[in-house]
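Visitor: With the sequences and hints as input, model every part of the structure.
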Amino acid sequence: MTTETNKENHAFGTDAKQILNLMIHSLYSNKEIFLRELISNSSDAADKLRFLALSDGNLYQGDAELKLKISTDEKAGTVTISDNGIGMNRDEVISSLGTIAKSGTAEFFENLSGDQAKDSQLIGQFGVGFYSAFIVADAVTVRTRKAGEDKAVEWYSKGEGEYTIAEIEKETRGTEITLHLKDEEKEFLEDVRLRSIVTKYADHISIPVQMFKEEVPESEGPDGEKVAAVPAEWETINKATALWTLDKSEIEEAEYKEFYKHVSHDWEEPLAWSHNKVEGKSEYTSLLYIPKKAPFDLWNRDHKSGLKLYVQRVFIMDDAEQFMPSYLRFVKGLLDSNDLPLNVSREILQDNKVTQAIRKGCTSRILKMLDRMGKNKAEDYQVFWNEFGQVIKEGPAEDAANKDAIAKLLRFASTENNESTQSVSLADYVSRMKEGQEKIYYVVADNFAAAKSSPHLEIFRKKGIEVLLMSDRVDEWMMSHLTEFDSKQLMSITRGDLDLGDLDDDESKKEQESSEKEVEGLVERIKTVLGDKVKEVRFTHRLTDSPACVVSDENDMSSQMAKLMEAVGQGAPEAKPVFELNPEHQLVKHLNDEQDEDKFAQWSEVLLDQALLAERGTLKDPAGFVSRLNKLMLDLSK
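Take the sequence shown: its position 303, counting from 1, is numbered 303 in full-length UniProt numbering, and each next residue is one higher.
Just to be clear, a hint being listed does not mean it is correct.
FRET-style restraints, in silico, Cβ to Cβ [unchecked claim]:
1) ARG346 with GLU190: 41 to 47 Å
2) GLN350 with GLU169: 39 to 45 Å
3) THR199 with GLU398: 40 to 46 Å
In silico SDA-like cross-links for lysine to any residue, where the CA-CA straight-line distance does not exceed 20 Å [as the list claims (entries may be wrong)]:
4) LYS67 with ASP203
5) LYS75 with GLU214
6) LYS67 with GLU184
7) LYS151 with THR141
8) LYS292 with GLU379
9) LYS69 with LYS200
10) LYS292 with SER264
11) LYS31 with GLU184
12) LYS517 with GLU584
13) LYS463 with GLU511
14) LYS293 with ALA254
15) LYS408 with PHE485
Think of the hints as simulated: they come from the structure by calculation, not from any bench.
Cβ coordinates follow ideal geometry from the N, Cα and C atoms, glycine included.
Guide: Shown next, in the form of C-alpha cells:
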C-alpha cells in the first residue's frame, strides 16, 4: 500500500508528445518489443547499482541478489515489471520520463514523412526505450526509489500530453513499472506468451528474469503413481548469463543479433559483428557490432559514442570513447577487461597503456571486418558505406598508422559509371588503369553534378581515362592526407600543370604546339588586362569543349579546401587562380582576333568569370559578370 503526497501535474515536452502520439498509433508491427525495452532498462539499472556498490556496499541494503520480476493481474488487466536496481529520485524521473533528453531530436522529427511504415523504422533508429510501453498500454504507472535514499516517487500517465508525479512510500529500492493494457492487447496477460517473449529477448541478460509459477497440487500419474506437488515460487526463465562470456560455439546467430539490440537500443539488426577473447599481454573480451543504420545525431557535437566497458564482468561505464578512434564512432558493443582496475575513470583510461593496447586491437579488428565485408558481401558493404562512408573518410587524417587499411575501405563515384553512388574502390580503379597510366586522377567539387560536368574532365573523357568524382564536404580534407595508394600517386585534375605522362602521344603534342602558335601573344595580352586578378595565364590542353578553366597552383590552397575552412569559421589565405585557355576553342580564337581593347578586356573577364563559376559555383561580383555578358551579347546582335 502506498500513500501519495505532493501530487503534481506536468505537461510533456513537445518532443515527448510527438513520440507518444506515434507510439499510441502503433507504428510498430512487432508490439512485443515493449517488453524487450523495459527489460533492457532494468538490466542497465542493475549494472549501475553493481558498479556504485563497489565503492559503497551499503547501497545494497542487505539485498545484493539483483533480479527482475514480471507479474500479471488478469482482473486489473496489468503487467508489472519490477527490479531492485539503482532506481530513480524525483528529478531523475522528470528528466528521464518527462522529456526525451537525446541529441538529434529535431532532426528526427524533420525526417518523419507521415507514412507509418517508414516512420516506424525512423522511430526504431532513433530509439525511445521506455516510451514503447504505450504501444500496448493506455496508461503506465512507475513507482521507484533510488538506492541510498528514503523518498520514493510515483509517475503516472495516460500518454495524452501530461503526467502526474507524487511522493510515495516504497519499502524497497528499484523501479516498478505497471502497464494498464489496452483492451485489444490482453494477450500479454498470458503466462505462456510472456515467457516466450522473455526467452526470445532476455536470455543474454546477466540478471535473472523471474515469473511466478503457480502451485501445482499432488496428482496421480497415468500408471497410478503419485506425482509430487510443486510449490508456488518465483522461477528464473532466462539463462541469466552474460552472452559475451560464453564460447562462440555456444551462441546462435539470433542471440548475437538480439544482444546487439539490447546493447545499442537499436531496432534494426546489425550488419556484422566480431566476438573475440584476447589473451596474452592484455586480457579482454570484445563483442563489436557494425550497425545497419546511422543514428540521427551522428554528426551532433553532443553525440555520445563509445563502447560499454566492463571490468571483470562488472559494468563500469557507457560510451567509453577511448577504445575507438573518432572515425569508427558508429561501432557498438562492449569490452570486458581483466587488466583494468574496477575504480577506473575516464581520465585514467585516456592515457592508460592497457587502453591503448585494447584500442589498437579493436581498431584493427573492425577494419579487417569491414574489408572482408567489402570483398565478400558487396551489397551489405554498400549499405554500410551509404550510412557511414563520410565518417570513414575522416580516417586517413586521424589514423596515420592504419592509413593503408582505411584506403582499401574507401568508395567513390567515378566517370566509369557516371552514377552518384559511391561504389568504386581504389583497388577497382587501379585494376582498370590504362597502360602507361601512373597516377590515380580525381576531381573534387561542391556536388556530384558539378563534379560530373567539370571542364577539367574533358581531356580525360577524350582519352578514356577514368577519374574519381568527389563531392562530400570531407573529401578535399581527406585527400590532403591520402597522397598515394598501391604505390600510385593520387592527383587532383584541378591543380597545377596537367601531366599525362606516357598517355600523351607525340602527334597530340605537335597539334598542341601548332594551335598555340595560331594565337601566339594572346597570353600576354590577357595578363595585362586581368592584372592581379590571376596568378598566371597560360595555355592548356586539358580542355576539349570549354574555352577556359581555372586551376590552383601546386603550392596554394585549393578552392574546395578554402571553402571547407571558411565553413568551420577559419579564414583561408587568398589564393589567386591560374587561368588556363584552350587555344583550339573558337571563343579563344575570336578573342585573339579582337582589336577593340575595351571589348577584348570584357571578353577576357567574362571568360575568367565563367571559369571561376564552373570551378567554385560562386562569383564575388555576379552583377558585374551579368552586365559584361549582356553588353557583349548586344554587341554581337548588331
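Visitor: Decide if the proposed pair is consistent with the structure: LYS463 and GLU511, CA atoms, cutoff 20 Å inclusive.
Guide: Distance of about 15 Å is within 20 Å: holds.
Visitor: Is LYS517 within 20 Å of GLU584, Cα to Cα?
Guide: 11 Å, holds
Visitor: Need the status of pair LYS69, LYS200: alpha-carbon distance at most 20 Å?
Guide: 16 Å, holds
Visitor: Between THR199 and GLU398, does the C-beta distance stay in 40 to 46 Å?
Guide: Holds: the Cβ-Cβ distance is about 43 Å, inside 40 to 46 Å.
Visitor: Using the beta carbons of GLN350 and GLU169, state whether their distance is inside 39 to 45 Å or not.
Guide: Holds, since GLN350 and GLU169 (Cβ atoms, about 44 Å apart) stay within the stated range.
Visitor: Mind checking the alpha carbons of LYS292 and GLU379 for me, to see if they're no more than 20 Å apart?
Guide: Since the Cα atoms of LYS292 and GLU379 sit roughly 12 Å apart, the hinted pair holds (cutoff 20 Å).
Visitor: Verify the CB-CB distance for ARG346 and GLU190 against the hinted window 41 to 47 Å.
Guide: 45 Å, holds
Visitor: Within 20 Å, alpha carbon to alpha carbon, are LYS75 and GLU214?
Guide: 16 Å, holds
Visitor: Would the pair LYS292 and SER264 pass a check requiring their Cα atoms to be no farther apart than 20 Å?
Guide: Within the cut-off at roughly 12 Å; holds.
Visitor: Checking one constraint from the list: CA of LYS67 to CA of GLU184, max 20 Å. Satisfied?
Guide: 30 Å, violated
Visitor: Is the straight-line distance between the alpha-carbon of LYS31 and that of GLU184 20 Å or less?
Guide: This hinted pair holds, its Cα atoms lying about 12 Å apart.
Visitor: Checking one constraint from the list: CA of LYS67 to CA of ASP203, max 20 Å. Satisfied?
Guide: Roughly 13 Å between the alpha carbons, so the hint for LYS67 and ASP203 holds.
Checked against the numbered hints above, the structure violates only hint 6.
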